[in-house]
Amino acid sequence: MIRLKDVEMVYENGTKAIQGITLTIEDGEFVFLVGPSGSGKSTIIKLLTGEVEPYAGRIMINGFSTSNISERQIPLMRRTLGVIFQDFRLIEKKTVYDNLAFVMRAVGASSKEIRQRIPYVLDLVGLENKAYSFPTELSGGEQQRVAIARALVNNPTTVIADEPTGNLDPERSLELMDLLVKINALGTTMVVVTHEKNLVDRFGKRVVTIDSGHVINDSVGGYVGGHIHG
Amino acid sequence: MGKHNFGYFFHEGLSNMFSHGFMTFAAIGITVACLLIMGTFSLVAVNANSLLQDLEQENEILAYVEEDFTEEQARALQAQLEAIPNVVSVTYISRVEAMERFTAQYPEEEMFQDLDPDILRDRYSLKIRDLKQLSQTKEMVDDINGIAKVNAYEAVAGGFITVRNVASVVCIALIAILFVVSVFIISNTIRLTTFDRREEIAIMRMVGATNGFIRWPFVYEGFMLGLLGAAIAFLLQWGLYEAVAQGVDTNDALQLIDIISFQELWVPVAVTFSIAGILIGVGGSLSAIRKFLQV
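These protein sequence lines are chains R and S, in that order. Note that this note's numbering gives residue 17 to position 17 of the first sequence, counting from 1, and the numbers run on in steps of one. Note that this note's numbering gives residue 73 to position 73 of the second sequence, counting from 1, and the numbers run on in steps of one.
Please note: incorrect hints may appear among the correct ones.
As the list claims (entries may be wrong) - Label pairs and their in silico Cβ distance ranges:
| no. | chain 1 | residue 1 | chain 2 | residue 2 | range |
| --- | --- | --- | --- | --- | --- |
| 1 | R | 155 | S | 174 | 28 to 34 Å |
| 2 | R | 220 | S | 212 | 40 to 46 Å |
| 3 | S | 14 | R | 129 | 29 to 35 Å |
| 4 | S | 22 | R | 220 | 56 to 62 Å |
| 5 | S | 212 | R | 26 | 31 to 37 Å |
| 6 | S | 14 | R | 12 | 37 to 43 Å |
| 7 | S | 14 | R | 128 | 55 to 61 Å |
| 8 | R | 56 | S | 174 | 51 to 57 Å |
| 9 | R | 56 | S | 14 | 57 to 63 Å |
| 10 | R | 155 | S | 184 | 40 to 46 Å |
Calculated from the structure, these hints are not laboratory results. The beta carbon of each residue, even a glycine, is placed where N, CA and C say it ideally should be.
Please take these sequences and the hints and turn them into a complete structure.
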């Protein structure tokens with residue numbers, strides 16, 4: 001479960017990115033986080049992944065409180081999360097298989113666990129026959145699927161996707177979103193940051209709209225609120 | 001996660017080394033230079049020390065008794081000589097014994113064989129404890145009433161003491177300077193690797209790798225750089241030492257100097273080089289990644 005209570009975030013240059021947000025995301029939920037540029041979406045992602053600490057308020061993520069988390073516990077908290085980025089962030093000199101094995105090894109998985117888990121995850125994202133391809137040999141949609149597989153491979157309870165369809169055409173975007181919904185149906189909590197109104201409306205999931213550091217709407221169905229500029 | 005994945009870290013460290021060939025070469029080169037200079041001065045100091053110990057063991061001051069002293073008077077000086085602090089043993093040698101020894105030294109020389117012992121003086125052979133106090137001891141022996149002359153190899157002993165002291169001081173100063181330079185170069189080499197791998201490090205952090213897990217491959221890289229530098233330095237040191245030892249051995253002017261065989265020294269040299277190389281390598285890698293892992 002993710003819980004933000006009265007969270008404020010002020011950057012060193014004085015920018016107030018988040019101004020008193022309170023939000024709860026239950027286990028197994030699918031939530032779209034939407035809002036215009038500079039609304040504070042990216043800051044929320046950074047707060048959830050422990051990259052930055054809140055200026056005020058409390059954040060609980062899968063049993064860890066980020067306000068008083070020790071340095072040793074941050075990696076443990078991050079292991080409960082899988083993160084997907086708009087620019088994929090794959091290691092180009094490693095094959096698809098090695099990209100996944102790399103993150104499993106990073107959390108101490110054994111070779112046997114790696115051999116068993118990777119085919120399952122690649123099958124889940126429909127890339128079972130691309131294990132030994134390099135990222136540069138894949139299309140944008142396939143690369144993003146590898147990124148999803150990487151986010152899932154350590155079996156996190158929550159996946160956070162930051163503009164996952166930002167670099168994809170509409171057809172691939174729809175396929176990718178279908179895949180995220182499928183993964184969510186298997187029990188993984190899904191937080192998707194996006195500015196694609198059509199997609200948000202199409203899936204009829206919970207939508208949290210952020211603007212100027214505030215939650216201006218939190219409802220099920222579709223996007224409600226001001227302008228979305230991406 | 002508790003298990004240390006030796007194979008993985010070793011493989012990653014090794015591939016890091018090959019990713020920046022020139023800097024790796026430079027890092028190993030500077031480590032070799034550091035250890036070689038350190039080793040050379042240390043070995044000079046060790047040899048000088050050994051020669052001093054030999055001199056101390058063999059060191060003999062000869063104190064000649066006044067010619068007009070009778071044997072009884074001469075023997076009476078023994079107690080005074082034994083009372084001098086740095087003196088370990090005192091042996092009386094009568095002029096007859098001295099002549100016997102002298103003629104025994106030159107058995108081929110007929111002209112020495114029939115010499116009258118009276119042309120020599122009664123004398124005392126003194127062994128001393130600390131060669132550094134040779135001058136003071138010599139003066140104290142000289143001051144005794146009845147001692148006509150004292151012979152001691154002060155210049156030789158002083159020369160070795162100077163060599164040992166200079167070698168020790170230069171050694172310490174150079175070790176300090178070269179150690180810092182080596183750590184700096186290795187640190188920069190590894191910083192290049194961390195820069196090259198910043199994306200991988202970011203991903204590892206994102207998925208929950210511990211700082212230790214991220215750090216180990218770079219520590220292994222530093223360890224291997226240091227150890228490889230130590231191994232090369234050891235081989236070069238060996239060759240250099242043998243060449244110098246052979247040079248000294250075949251030089252007539254340097255017959256007095258007895259160089260310690262490398263076979264007696266290789267274990268401490270190898271151990272010291274390995275420890276110093278590893279310290280330089282691991283120290284450099286830790287300094288390179290310390291800042292990287294603070295976020």
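Status of each hint after checking the structure:
Remark: the range hint 28 to 34 Å for residue 155 of chain R to residue 174 of chain S is contradicted by a beta-carbon distance near 55 Å. The supplied range of 40 to 46 Å is met by residue 220 of chain R and residue 212 of chain S, whose beta-carbon atoms lie about 44 Å from each other. A hinted range of 29 to 35 Å for the beta carbons of residue 14 of chain S and residue 129 of chain R is consistent with their spacing of about 32 Å. Between residue 22 of chain S and residue 220 of chain R the beta carbon distance is about 60 Å. The supplied range of 56 to 62 Å therefore holds.
A hinted range of 31 to 37 Å for the beta carbons of residue 212 of chain S and residue 26 of chain R is consistent with their spacing of about 34 Å. The beta-carbon spacing between residue 14 of chain S and residue 12 of chain R, approximately 40 Å, falls within the hinted interval of 37 to 43 Å. Under the hint 55 to 61 Å, the C-beta atoms of residue 14 of chain S and residue 128 of chain R, about 32 Å apart, miss the expected range. Our hint of 51 to 57 Å for residue 56 of chain R and residue 174 of chain S holds, since their Cβ atoms are close to 56 Å apart.
Range check, residue 56 of chain R to residue 14 of chain S: about 47 Å between beta-carbon atoms, so the 57 to 63 Å window is missed. Checked against the hint of 40 to 46 Å, the pair residue 155 of chain R and residue 184 of chain S passes, with Cβ atoms roughly 43 Å apart.
Of the numbered hints stated above, those contradicted by the structure are hints 1, 7, 9, listed in ascending order.
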